[in-house]
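Number of protein chains: 2
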Amino acid sequence: MIERLRPFVPVLDWGRSYTRAALSNDLIAALIVTIMLIPQSLAYALLAGLPPEAGIYASIVPIVLYAIFGTSRSLAVGPVAVVSLMTAATIGQIAEQGTAGYAVAALTLAFLSGGFLLLMGILRLGFLANFLSHPVIAGFITASGILIATSQLKHILGVSAHGHTLPEMLGSLLSHLPELNIITLTLGILATGFLFWVRKSLKPFLRGLGTPPVLADFLTKAGPVAAVIATTVAVWSMDLTGQGVKIVGAVPQSLPPLTLPSFSVDLFRALVVPAILISIIGFVESVSVAQTLAAKKRQRIDPDQELIGLGAANLGAAFTGGYPVTGGFARSVVNFDAGAETPAAGAFTAVGLAIAAVALTPLVYYLPKATLAATIIVAVLSLVDLSILKKTWDYSRADFTAVAVTILLTLGLGIEAGVASGVVISVLLHLYKTSRPHVAEVGLVPGTQHFRNVLRHDVETNPAVVTLRVDESLYFVNARFLEDMVQQRVTEGCTLRHVILLFSAVNEVDFSALESLEAINRRLTDMGVGLHLSEVKGPVMDRLNRTDFPKKLNGQVFLSQYGAWTELTAHC
Amino acid sequence: MIERLRPFVPVLDWGRSYTRAALSNDLIAALIVTIMLIPQSLAYALLAGLPPEAGIYASIVPIVLYAIFGTSRSLAVGPVAVVSLMTAATIGQIAEQGTAGYAVAALTLAFLSGGFLLLMGILRLGFLANFLSHPVIAGFITASGILIATSQLKHILGVSAHGHTLPEMLGSLLSHLPELNIITLTLGILATGFLFWVRKSLKPFLRGLGTPPVLADFLTKAGPVAAVIATTVAVWSMDLTGQGVKIVGAVPQSLPPLTLPSFSVDLFRALVVPAILISIIGFVESVSVAQTLAAKKRQRIDPDQELIGLGAANLGAAFTGGYPVTGGFARSVVNFDAGAETPAAGAFTAVGLAIAAVALTPLVYYLPKATLAATIIVAVLSLVDLSILKKTWDYSRADFTAVAVTILLTLGLGIEAGVASGVVISVLLHLYKTSRPHVAEVGLVPGTQHFRNVLRHDVETNPAVVTLRVDESLYFVNARFLEDMVQQRVTEGCTLRHVILLFSAVNEVDFSALESLEAINRRLTDMGVGLHLSEVKGPVMDRLNRTDFPKKLNGQVFLSQYGAWTELTAHC
Numbered sequence: 001m002i003e004r005l006r007p008f009v010p011v012l013d014w015g016r017s018y019t020r021a022a023l024s025n026d027l028i029a030a031l032i033v034t035i036m037l038i039p040q041s042l043a044y045a046l047l048a049g050l051p052p053e054a055g056i057y058a059s060i061v062p063i064v065l066y067a068i069f070g071t072s073r074s075l076a077v078g079p080v081a082v083v084s085l086m087t088a089a090t091i092g093q094i095a096e097q098g099t100a101g102y103a104v105a106a107l108t109l110a111f112l113s114g115g116f117l118l119l120m121g122i123l124r125l126g127f128l129a130n131f132l133s134h135p136v137i138a139g140f141i142t143a144s145g146i147l148i149a150t151s152q153l154k155h156i157l158g159v160s161a162h163g164h165t166l167p168e169m170l171g172s173l174l175s176h177l178p179e180l181n182i183i184t185l186t187l188g189i190l191a192t193g194f195l196f197w198v199r200k201s202l203k204p205f206l207r208g209l210g211t212p213p214v215l216a217d218f219l220t221k222a223g224p225v226a227a228v229i230a231t232t233v234a235v236w237s238m239d240l241t242g243q244g245v246k247i248v249g250a251v252p253q254s255l256p257p258l259t260l261p262s263f264s265v266d267l268f269r270a271l272v273v274p275a276i277l278i279s280i281i282g283f284v285e286s287v288s289v290a291q292t293l294a295a296k297k298r299q300r301i302d303p304d305q306e307l308i309g310l311g312a313a314n315l316g317a318a319f320t321g322g323y324p325v326t327g328g329f330a331r332s333v334v335n336f337d338a339g340a341e342t343p344a345a346g347a348f349t350a351v352g353l354a355i356a357a358v359a360l361t362p363l364v365y366y367l368p369k370a371t372l373a374a375t376i377i378v379a380v381l382s383l384v385d386l387s388i389l390k391k392t393w394d395y396s397r398a399d400f401t402a403v404a405v406t407i408l409l410t411l412g413l414g415i416e417a418g419v420a421s422g423v424v425i426s427v428l429l430h431l432y433k434t435s436r437p438h439v440a441e442v443g444l445v446p447g448t449q450h451f452r453n454v455l456r457h458d459v460e461t462n463p464a465v466v467t468l469r470v471d472e473s474l475y476f477v478n479a480r481f482l483e484d485m486v487q488q489r490v491t492e493g494c495t496l497r498h499v500i501l502l503f504s505a506v507n508e509v510d511f512s513a514l515e516s517l518e519a520i521n522r523r524l525t526d527m528g529v530g531l532h533l534s535e536v537k538g539p540v541m542d543r544l545n546r547t548d549f550p551k552k553l554n555g556q557v558f559l560s561q562y563g564a565w566t567e568l569t570a571h572c
Numbered sequence: 001m002i003e004r005l006r007p008f009v010p011v012l013d014w015g016r017s018y019t020r021a022a023l024s025n026d027l028i029a030a031l032i033v034t035i036m037l038i039p040q041s042l043a044y045a046l047l048a049g050l051p052p053e054a055g056i057y058a059s060i061v062p063i064v065l066y067a068i069f070g071t072s073r074s075l076a077v078g079p080v081a082v083v084s085l086m087t088a089a090t091i092g093q094i095a096e097q098g099t100a101g102y103a104v105a106a107l108t109l110a111f112l113s114g115g116f117l118l119l120m121g122i123l124r125l126g127f128l129a130n131f132l133s134h135p136v137i138a139g140f141i142t143a144s145g146i147l148i149a150t151s152q153l154k155h156i157l158g159v160s161a162h163g164h165t166l167p168e169m170l171g172s173l174l175s176h177l178p179e180l181n182i183i184t185l186t187l188g189i190l191a192t193g194f195l196f197w198v199r200k201s202l203k204p205f206l207r208g209l210g211t212p213p214v215l216a217d218f219l220t221k222a223g224p225v226a227a228v229i230a231t232t233v234a235v236w237s238m239d240l241t242g243q244g245v246k247i248v249g250a251v252p253q254s255l256p257p258l259t260l261p262s263f264s265v266d267l268f269r270a271l272v273v274p275a276i277l278i279s280i281i282g283f284v285e286s287v288s289v290a291q292t293l294a295a296k297k298r299q300r301i302d303p304d305q306e307l308i309g310l311g312a313a314n315l316g317a318a319f320t321g322g323y324p325v326t327g328g329f330a331r332s333v334v335n336f337d338a339g340a341e342t343p344a345a346g347a348f349t350a351v352g353l354a355i356a357a358v359a360l361t362p363l364v365y366y367l368p369k370a371t372l373a374a375t376i377i378v379a380v381l382s383l384v385d386l387s388i389l390k391k392t393w394d395y396s397r398a399d400f401t402a403v404a405v406t407i408l409l410t411l412g413l414g415i416e417a418g419v420a421s422g423v424v425i426s427v428l429l430h431l432y433k434t435s436r437p438h439v440a441e442v443g444l445v446p447g448t449q450h451f452r453n454v455l456r457h458d459v460e461t462n463p464a465v466v467t468l469r470v471d472e473s474l475y476f477v478n479a480r481f482l483e484d485m486v487q488q489r490v491t492e493g494c495t496l497r498h499v500i501l502l503f504s505a506v507n508e509v510d511f512s513a514l515e516s517l518e519a520i521n522r523r524l525t526d527m528g529v530g531l532h533l534s535e536v537k538g539p540v541m542d543r544l545n546r547t548d549f550p551k552k553l554n555g556q557v558f559l560s561q562y563g564a565w566t567e568l569t570a571h572c
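Respectively, the protein sequence lines represent chains A and B.
If you count the first sequence from 1, position 559 lands on 559 in the UniProt record's numbering, and the numbers rise without skipping.
If you count the second sequence from 1, position 358 lands on 358 in the UniProt record's numbering, and the numbers rise without skipping.
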């Protein structure tokens, strides 16, 4: 029984060979991650428009379920910035923040998202994530970072503002600027400045003082906790709430509660498209992180099993007071750097967070929201990397267009429109590129059996035998182009007796292209010109052999271009 | 001035060299086409839900405008079955048939469609038509033929029925069956049977009687006119209208009137998407026909100029009481077979139809609608060709899926959903196929410099040097696949020292794939394995040279695979 489950439950695999050394490494990693996660979880819940405890709850059961079903040994699952913002954008249109309806909608979103991921995993559709190209993902992450940081400015300024796009947010901030709270702003700027300093300069500074590297590392990661403690104490001791500083307030002291998502059909209908988008974004982010980390240790990630692991994590979140979760970049890297060896590190982190949920929550009563906003801003601004624009511009205009459109639309229309249009643009650009394939006329490189472009290399040619190398698979988008191309070349030379189509770069001939080849063959036959194919790949030839095209072909199919050339030029 | 216009107004080209022989051929073709078009135009107007004269008006001015701006010498432009049905489906949701609003909406649809085609032509977007694959078009035409024939059954049965999908139509017909009119049914069956017989057996029959071929041909084409005359006389002489036989009724005796489309924003908004779909379908049908006919005479069609010609024709229809038009298959083939040499044949046809519109319209008062329905049924059933299912099934499952989905969705959800999903399915299947590319390990064919798949051919290999031939362009959809693929192959053999990626079939390396190549290079470097590329095409190498990848590459880029092989195996 257990043997049959093994492929679907990776824990059965690594759990058997769990050693004491691995246990001790996992425990240390869990301690570090727990300390980092407490402020981050509170902050992301704030970003999602949920009560702070939702962020902690969303980190406990999901992390355990992922440890059981996921394949990455370093991935840390929980609330992440982008998904939190998408959650807020989605639910903000359905319910008012702070109401019970809002929280239930968040659970339902996690439920739908989990169900969708699980379904994709069972159907083994993990490859679909590849449809998001690297440049689109990079552009999307950068634009999201800008959006998220902007969304947090209101907490730093101490004003109320809203909006889901950059123009909306900036407009709303400007119009609320008169409500500016100076004390909140001071706290916010100090916290942000401190956190930036910790991230950038604390480690070299401590090393300069002679601190051992491990301790320096630990202290750097505890930076946000220090900011939390310092600002909480400041608010409490100086009674700054009376001055209008907004605080986290009462957080229930409890383990994750058992909750139920709503099963209302209307709510499902309203949430299903956002749930799919959130799932896809979350999955892509998670798999990218997991693959990056796995590559460093020569481990492998199974994208389909990842879908199952993340699906289970989201279902867990739906039933324990959380909201949509995924594998986060920052927390996973910290987990990896801290030496986590197995998913058990995640389970220990969950235990740490459960203790925090029960014991530490009263301590964050006076924690100012500005500090949490500072935590988010510092975290997401490290994701902003506009150099992708320059890199893709240098490399290819098509990739640049995809990035630029994704960034502009994400900022201008919001996160969902941005990523959807990024995918569509990438696919359209690819189709456009393949619709007008490069076709090179080739000749023999003297002294070899190798054929190259006549325009780029000094090669032997023969006016009676033309070889066209088609640099693209032939399918419906470009089938007609080839017809025109051959037609044009053939009408140019009147001494022409043979056309060889060099198929070394043709990886597919679909039914539309087969019809085009038949048309070309008919026309050349009418003109008394021979049509030959050379270097047709096995899979392509197999398929052509199922039709009567090889019989209709007025010339031959040659194994090698050199063979074709020597035989056909021998008579000319 | 005229010289500058020439590329955009093909008439300036062929008009100069117009000969008397061409004139006489064009006149004969025009006479034959006119006789065929009179009943057909009335019938398609009926199909579109418009008064019969709209069909004739839509054939006059558009045909002349196409003659001026189009590039095909044989294409006959006017109402066609599929576009007529799409018009009915679109406008039926906006206005009641028979109202003035309905007719104005049809003009507006033609106006928007003409504007869209013209815009596409000016932007030179004719290549977009290639996104409809041959199998999708074939499936769509077949399903449309079935839908159209079914939609005409109500006229044959003499009942009222409605619906835009096959289940709706059949359900509606069944529920109205009690209203069956026996006399209408008798007329309808006789007309349909006669027309099928004419189409299939009249010509051999006449030839058997010793009729000269030209006359036999002419009589066959006049078959529908004979059916029209016979049934009209029958209804008139026996006063069958009193028995409930529905007739065409009064048709105004007039040249095409000057009409104006509506410029209401609401109407534009409601019609713009259908107008785009109608334009695309019409354009694809028209270009397919034009290309087929042009190929027979070694002429060329310019798709971008075709857009301009069809755009002008539709604008003409919008201002002269017509509705959306395009190049029709049946009428164009007849025109071609009848010997039309230039677009002037179309202009003469227009004159013939104008005479008919003024002089002959009173004669069709008693023409039963059942006869027109029979004309349509016989015409469209010749478009139904289910053999495409078998052909694509034998050739490739992907093409088959595209056809089958297109047919089922067109029948089940209607024409617009059918064709839209056909396009989407084709694109997705293509992306899916390229997402898991064929990668072959190749070896040297003994005695040559040619490399083939080790699994298919008896070739020389070397355990220290592995050559992988990547049979697909590398782009975001499959970038990660290559990483996994190389990783897997490399971990298999421990004596491995060099990996050569044979790039003869790689036509593009996009930014995502470049990042994957960099990742592969890093990993192989870590493992002490050399990474080499061979036979990289010019355009691909140009692009790689703009990055620092060639410098980072731990091995070399070889011009030929044979060169790579000899150099790398020399040391092993």
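Since the hints were derived computationally from the structure, they do not count as laboratory data.
Be careful, since some hints might not be right.
Said to hold, decoys possible - Among chain B residues calculated to face chain A with C-beta under 10 Å, some are:
1. 136
2. 394
3. 402
4. 405
5. 440
6. 450
7. 472
8. 497
9. 508
10. 543
Unchecked claim - In the DSS-like style, the derived pairs of lysine-lysine whose C-alpha atoms are separated by at most 27 Å in a straight line are:
11. 246/A - 297/A
12. 203/A - 221/A
13. 390/A - 551/B
14. 551/A - 551/B
C-beta: ideal position from N, C-alpha, C; glycine also.
Here is what the structure says about each hint:
Hint status for residue 136/B relative to chain A: holds, with the closest Cβ pair at about 8 Å, below 10 Å. At a threshold of 10 Å, the smallest CB-CB gap from residue 394/B to chain A is about 6 Å, leaving the interface hint in force. Interface hint status for residue 402/B: upheld, as the beta-carbon distance to the closest one in chain A is roughly 9 Å, under 10 Å. Taking 10 Å as the C-beta contact cut-off toward chain A, the hint placing residue 405/B at the interface is violated, the least distance being around 14 Å.
Proximity of residue 440/B to chain A holds as hinted, the smallest CB-CB distance being about 7 Å (cut-off 10 Å). For residue 450/B, the suggested interface contact is upheld, since its CB lies about 4 Å from the closest CB of chain A, less than 10 Å. Checking residue 472/B against chain A by beta carbon gives a least distance of about 5 Å; that is within 10 Å, so the hint holds. Proximity of residue 497/B to chain A is violated relative to the hint, the smallest CB-CB distance being about 19 Å (cut-off 10 Å).
The restraint placing residue 508/B at the interface with chain A holds, with a minimum CB-CB distance near 6 Å, inside the 10 Å limit. The closest approach between the C-beta of residue 543/B and any C-beta of chain A is roughly 6 Å, which is under the 10 Å cut-off, so the hint is satisfied. With a C-alpha separation of about 44 Å, the suggested pair residue 246/A and residue 297/A falls outside the 27 Å cut-off, and the hint is violated. The hinted pair formed by residue 203/A and residue 221/A meets the criterion: a straight-line CA distance of about 10 Å does not exceed 27 Å.
Our distance criterion of 27 Å between C-alpha atoms is met by residue 390/A and residue 551/B, whose separation comes to about 20 Å. With a CA separation close to 48 Å, the supplied pair residue 551/A and residue 551/B exceeds the 27 Å bound.
Violated hints for the displayed structure, listed by number in ascending order: 4, 8, 11 and 14.
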